Amino acid sequence: MNLIPLILYAAAAVAYAVHFARRQPAAGRTATTLLVAGALAHTFIIGMLTVRSGHIPVAGATPAISTFVWLLALAYLYTEVTTDERAMGVFILPLLVALQIIPAVNPGVEDRAAVLHSSWFGVHVSSLLFADASFALACVIGVTYMLLFKEIKAKHLGFFYARLPSLQVLDTMNRRAIVVGWIFLTVGVIVGTIWAAQARAIDPTDPRVQAMSLEDPKIFVALICWLVYSFEVAVTRLAGWSGRRAAWLSIVGFAIVLLNLVPISYFLTRSHNF
Amino acid sequence: MQILLLGVNHRTAPIDLRERLDFSTRGLDRALGEIATLGAGREAVVLSTCNRAEIYVACDDAAESRRELAAFMSAFHQVPASELVPHLYDEVDGLAVRHLFRVAAGLESLVVGEPQILGQVKEAFAAASAQNAVGPLLTRLFHSSFAVGKRVRSETALAEGAVSVSYAAASLARKIFGSLEGRRVLVVGAGEMGKLTALHLRTQGIGQVAVTSRTMAHAEQVVDTIPGAVAVPWDTLAPELARADVVVTATGSPTPILTRAQIAAATGPHRGRPLFIIDIALPRDVDPSAGTLEQVFLYNIDDLQTIVRENLSRRSSEVTQADAIVDEEVDRFVAWVRARGAVPTVVALRQHFDAIRRSELQRLEPKLASLAPEARARVEEVTRLIVEKLLIGPTEQLKALPDTETMTLYAEAVSRLFELDPGEPGVQGSLARHRATKLKS
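Chains W and X, in that order, give the protein sequences. Residue numbers 1 to 274, in our numbering, belong to the letters of the first sequence in order. Residue numbers 1001 to 1441, in our numbering, belong to the letters of the second sequence in order.
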C-alpha cells in the first residue's frame, strides 16, 4: 500500500528536477500537485492504520520511517507554501523517495508489545520524528546555502545563483527549522525518559526495556544529536555565528540523525527494536 | 485593412537625428491628433523612446499611408525630408507585426532583453487609447505584443542577469541580503562612480546611505544629491564599517585605503551577517586578500564587468528561442486577422438567413395568430435555432480557411450563391505575404 505514495513522490521528484533545471512554471505546478497527491495518499494510509490499530503507526523502525517521510512531506509543503519557493524540492524529494522505498518494499508487521501501550510512547516517537523532519529540511537548506555561498564567494554566478533564494532567506529558514526541530527533539527525549521509567515498572523482564540506557547506540547517538543541535541553536542565536557555519552544523547534524534513523535502528540498537 | 509601421531606431539613425524626432518633447497627443486628420490611418499608435520613434497605423492603402506619414514626420519635427527619409524603415502587415513583437520582447533593444521597453510599449498604447486613436485591430495587436513580451521574459533567459556594473552590484546585494530595506551602505570616497552606485542602490530600496570622504565638505556635496543620505566623518571609518552591510569604495587613492586587518576588525566572529564590499576604484581601494575573510564578499570593478559580459553573451544565446516565440505569436495573430476577414461574409450570411426567417414568419402570421403566446414564442425559438444550426458549419469553415486567397474565393462564392452584399471585401491579401516574406528574411 505504501507503493502508491512512493510512485507519486518519485513522479514529483522528476517534476521538481525538471522545474529546477528548466525553470518552467508549469513543471513547478505539476511537481507541487504530485507531491500534494502523494502526501494525501500517504495521509490516507497512515489514517487507515491509525483507525485500525487505534494508535499512530510508529512502533517499529519501518512504520516509523513511513511516518517520518509523511511528516517531512508535510513540513516541506508547508515551507513551500509559506515562502513561495520551490527550489528546495529538488533536494528534499530524493530523500523522501529513498526512505519511502523501505516501507514500500517491506511493510513490516506491527505488533505492539505490552510496554508500548502508553500515550507517552506515542508522544515520544511522534515528536522525535517531527524533529527529524525539521532537521532534514534544515540540512537541505544548509546544502543549498553552501552551494550559493560558494558561487558568490568564488564570483562564478551560475546555475544555483539563478535558481536559489538569497543567502539571507536561506539562513533565516535554516535557523527557524533548527529551533523548531530542537524544541521537538528536547520534548521527545524528556518524554522518552519518563516513558522508559514507566516501562521498567510494567515489564522489567523485557530485554529491550533493560537495554534502555545511555550504553545503547540509539540512545547514545540521540544524545549526541541533541548536543549538536543545542550547540547550533546557542551559537547562531547568542554568539552571532555566520550563516555558513550554521549551514555546516545543520548538514552534520542531519547526517547523524539519518544514521540513527536507519542503520542503527535496524542493526545495532537493543532497546528500540520493537 | 493593412498594418503599417514607419520609423527610425538606434540602428538606422544617429543620436542627434533621433533626438530631433522625439515625439514626447513635441507632444505625443498632438502627434496622434494630427495623424488622425491625415486619413493615412484609421488607427494609430506612436512609440517614442530614446532609441526609437515609430508610428504604427491600421490603414487601407499602405503605400499611400507611407508617403503621408513620412511627410507628416518631416513636417511635425521640422526635419527636411531629404535628411529624414534615408533613415526611415517601414514594414507592412506580417512583418510590421513581427517587428512590434520583437520590440516588445526586447529583441530590438540596444541592450538585448532590457526591461523598460515593454513598459514603454504599454504606455504608447495607453496614450493612443486615451486619445481614441486605436480600434480593434491595433488594440488586439498591442495586447498580443504585451503577451509576447511576457512570454519571452518568462520562458527564456533573454532578460536575465545584470547588464550594467551598478545593476550587477545591486542584484548581488539582493542575492546576499534578500530585501535591501533596513540595510546600510557606506560609500567611501566622494567621486562620481561611488555616487552613482549609491544612487542606484537607493532606488533599489536600500534603507540607509552614509558617505564618507577625507574632506568632509566633499562628502556633504555628494549627500545633497542622494535623498536620505548622511555624511559621516572620516575618523569614524572603523565603526561605520562595522555598521554597514554594503561598502562601496571609489576613492582616487593610489594605495589601498582598507586593509585586511581593518575589515577583519569590522567583521568579528560575532557579527552574524555578511559584509558586501564593492571596490570600483582603480587602482583598488581594498586589499584583495580581505575577500578570503569568512563573512566578506569582495567584488572589484573587473569582477563586475566580467559578470556583465557573461550575462550579455548568455542573453544573446537566448535570441533564437525568443525569436521562435515571436514567430509563433505572429502566426497566431495573422490567423486571427484572417478569421476576422471572414466576419463581413459571416455577418451578411447570418442577416440573409434571419431575414428569410422573419419574412416567412410574417407570411404565416394569420395562421399563427390563433396560437397561445407560449406556443408563438416556441415557434420563434425553433425557427431561430434552425437558422443557427444551419450556419454553424459554414461559419467555422470560413474562419478556418488556411490562406487569404482561398478565403476571398470562398467569400465571393458564398456571396454569389446567396446574393449577399458583405459591405467590404472579405480580407486583404497582404497578410498572406507574411509567411513568404518571413522566409525571405
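Mixed in with the good hints there might be a few duds.
Unchecked claim - Far from chain W by the CB rule (all over 10 Å, computed), these chain X residues:
id, residue
1, 1067
2, 1081
3, 1157
4, 1303
5, 1307
To be verified - FRET-style restraints, in silico, Cβ to Cβ:
id, chain 1, residue 1, chain 2, residue 2, range
6, X, 1293, W, 179, 26 to 36 Å
7, X, 1119, W, 176, 57 to 67 Å
8, X, 1114, W, 262, 44 to 54 Å
9, X, 1320, W, 223, 22 to 32 Å
10, X, 1114, W, 224, 25 to 35 Å
Simulated from the structure, these hints should not be mistaken for laboratory data. Predicted model, so just to flag it, every value in this text is computed and none were measured. Glycine is no exception: its CB is placed at the ideal position from the N, C-alpha and C atoms.
Comparing the hints with the structure gives:
At roughly 46 Å, the least C-beta separation between residue 1067 (chain X) and chain W is larger than 10 Å, which holds for a residue marked as non-interface. Against the 10 Å criterion, residue 1081 (chain X) stays outside the reach of chain W, whose nearest CB is about 49 Å from its own CB. Under the 10 Å C-beta cut-off, the non-interface status given to residue 1157 (chain X) relative to chain W is violated; the minimum distance is some 8 Å. With a minimum CB-CB distance of about 5 Å to chain W, residue 1303 (chain X) fails to clear the 10 Å threshold, and the non-interface call is violated.
Not every beta carbon of chain W lies more than 10 Å from that of residue 1307 (chain X), the smallest distance being close to 6 Å; the non-interface claim is violated. As the Cβ distance of residue 1293 (chain X) to residue 179 (chain W) is approximately 28 Å, the hint placing it in 26 to 36 Å holds. For residue 1119 (chain X) and residue 176 (chain W), the hinted distance range of 57 to 67 Å is not satisfied, since their beta carbons lie about 37 Å from each other. One distance hint, 44 to 54 Å for the beta-carbon pair residue 1114 (chain X) and residue 262 (chain W), holds here, with the actual separation near 52 Å.
Hint check: residue 1320 (chain X) to residue 223 (chain W), Cβ distance near 59 Å, so the stated range 22 to 32 Å is violated. Between residue 1114 (chain X) and residue 224 (chain W) the beta carbon distance is about 54 Å. The supplied range of 25 to 35 Å is therefore violated.
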